[in-house]
Amino acid sequence: MKKSKLQLMLTLIFNLAETTTIALLGTLLNVPFCYTALIIIVFMLTRVAFLFMFSAKIFHFKTWYRCVVWSTLIMLSLFVLLKVDLVVSIGFAIFAGYIMTTQSNLIKRKLDINTEVTITDVFSSMYLWKASNTPSKYYDIEEYIKYNEFDTKLLEFEDKLRAKSNVDYLIYKYRFLEHKTFNEMKEILGMENPRIDERLERIALAVRLYCGI
Amino acid sequence: MNLLELIIGQLPEAIYFSLFILLSKQIKKRRIVFIGINIIEYLLLLNLFPFSTKARIMYFVLFYLELKVLYKDQTQITDVFTLGIASILMMIVNLALYPIALCLHNYLLYAITTRIVLFLILFLIRNKLLLIQRIYFKFWNRNYKVKRIMKSTTFRSLNLVIFNFMFYIINICMIYSLVRRC
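From first to last, the protein sequence lines are chains G and C.
First residue of the first sequence? That's 1 in this note's numbering, and the numbers climb one at a time after it.
First residue of the second sequence? That's 1 in this note's numbering, and the numbers climb one at a time after it.
Hints may contain errors.
Unchecked claim - No farther apart than 20 Å at their CA atoms in a straight line, the calculated lysine to any residue pairs in the SDA-like style are these:
id	chain 1	residue 1	chain 2	residue 2
1	G	LYS180	C	ARG142
2	G	LYS180	C	ARG148
3	C	LYS25	C	VAL80
4	G	LYS57	C	LYS25
5	G	LYS180	C	CYS173
6	G	LYS62	C	LYS25
What the hints assert, rightly or not - Computed list of chain G residues with no C-beta within reach of chain C, every gap over 12 Å:
id	residue
7	PHE14
8	LEU45
9	GLU142
10	ILE145
11	ASP151
12	LEU154
13	SER165
14	TYR169
15	ARG199
Stated by the list, open to error - Derived Cβ-Cβ restraints for the label pairs, each shown as a range:
id	chain 1	residue 1	chain 2	residue 2	range
16	G	GLU149	C	LEU158	25 to 33 Å
17	C	PHE137	G	PHE33	50 to 58 Å
18	C	LEU158	G	LEU205	54 to 62 Å
19	C	PHE123	G	LEU10	51 to 59 Å
20	G	PRO32	C	GLN74	38 to 46 Å
21	C	LEU109	G	LEU28	39 to 47 Å
22	G	ARG202	C	ILE162	26 to 34 Å
23	G	ARG208	C	LYS128	54 to 62 Å
Hints in this document: simulated from the structure, not taken from any laboratory.
C-beta: ideal position from N, C-alpha, C; glycine also.
Build out the structure end to end from the sequences listed, making use of the hints.
Shown next as structure tokens:
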């Protein structure tokens, strides 16, 4: 949890620094600060809107320097359009926000539906960088399996899980042993994400209780 | 409304954009209807709002909506960027041949030459245009299974930046044309 808070702080500092730099870039282009701020806010809010309205996944850059480069370029192109017209620039900012979400994916399919949208999701959806090593909610189980691969209790648990339900065992195996994503599991198992998530919660609780994690 | 400008200037441009999309998406149905509607909307927009960047933007929007109405499932948001590529190609050809207008002081000859060259290029690359769709299908969506030279996020950002700058350049060209006319 401490690590997660530290990561969030670093992400916050980085994103605020980035926003300030982009705002200054707008000033350099002789664009009124209120317009610069408006474009930045419209872009961010569009992404948040798609997160809430359509449960769309937001695109992030995994590395901070790519985020800096591309955020700057995208914002620069939007500020340059302010020279054409404010309404045009706002329209393009909304379009850019839409393109940077999975709502604009080529083949329309059911997207991952988050069971819960937290304030962290809202914050991270506004910016183009999300720290890739933010621990997941099953971080403790992943760490336990990583360092206790041949633990008797863990092996017993796996045998009992396999005997009880093959599907549950497969979900356990794909998530914790093979580190597959929800989309990959959905394609292999032919199950919807909320169902997988529900079963995964139960499996996680069971492994925590059985192995004393 | 200048009839010569309409027939030699705007009409071929509308046909060029239509053909570019039809060839790149390999569309076989309702082509005449598509080209017809496209010509009408292009001519209307450019003549009702001359030298207006907003008219060009509106054309892109109407173009996409037209595709959506006529070809529902085949239409994707990346078709807007395909139209952008067609525009960029046209801008490059116009710029490359601009010395003709400057040296010979004959804009009619310049207009005819650029249109001929555009259609010639379109004819020569007609079989290669499908590559555009393939590239978009390959790079647009995220895919963790396959390692690619460019990630989806980078590809989308690149498209956005080029698209936005393209309209800024169109705006500059509009202003330049207006100043020259005056």
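Each hint, compared with the structure:
| no. | hint | result |
| --- | --- | --- |
| 1 | G:LYS180 / C:ARG142 | 15 Å, holds |
| 2 | G:LYS180 / C:ARG148 | 19 Å, holds |
| 3 | C:LYS25 / C:VAL80 | 12 Å, holds |
| 4 | G:LYS57 / C:LYS25 | 27 Å, violated |
| 5 | G:LYS180 / C:CYS173 | 50 Å, violated |
| 6 | G:LYS62 / C:LYS25 | 33 Å, violated |
| 7 | PHE14 | 17 Å, holds |
| 8 | LEU45 | 17 Å, holds |
| 9 | GLU142 | 18 Å, holds |
| 10 | ILE145 | 21 Å, holds |
| 11 | ASP151 | 29 Å, holds |
| 12 | LEU154 | 27 Å, holds |
| 13 | SER165 | 27 Å, holds |
| 14 | TYR169 | 23 Å, holds |
| 15 | ARG199 | 22 Å, holds |
| 16 | G:GLU149 / C:LEU158: 25 to 33 Å | 42 Å, violated |
| 17 | C:PHE137 / G:PHE33: 50 to 58 Å | 41 Å, violated |
| 18 | C:LEU158 / G:LEU205: 54 to 62 Å | 44 Å, violated |
| 19 | C:PHE123 / G:LEU10: 51 to 59 Å | 55 Å, holds |
| 20 | G:PRO32 / C:GLN74: 38 to 46 Å | 43 Å, holds |
| 21 | C:LEU109 / G:LEU28: 39 to 47 Å | 43 Å, holds |
| 22 | G:ARG202 / C:ILE162: 26 to 34 Å | 48 Å, violated |
| 23 | G:ARG208 / C:LYS128: 54 to 62 Å | 57 Å, holds |
Consistency note: the structure conflicts with the earlier hints numbered 4, 5, 6, 16, 17, 18, 22.
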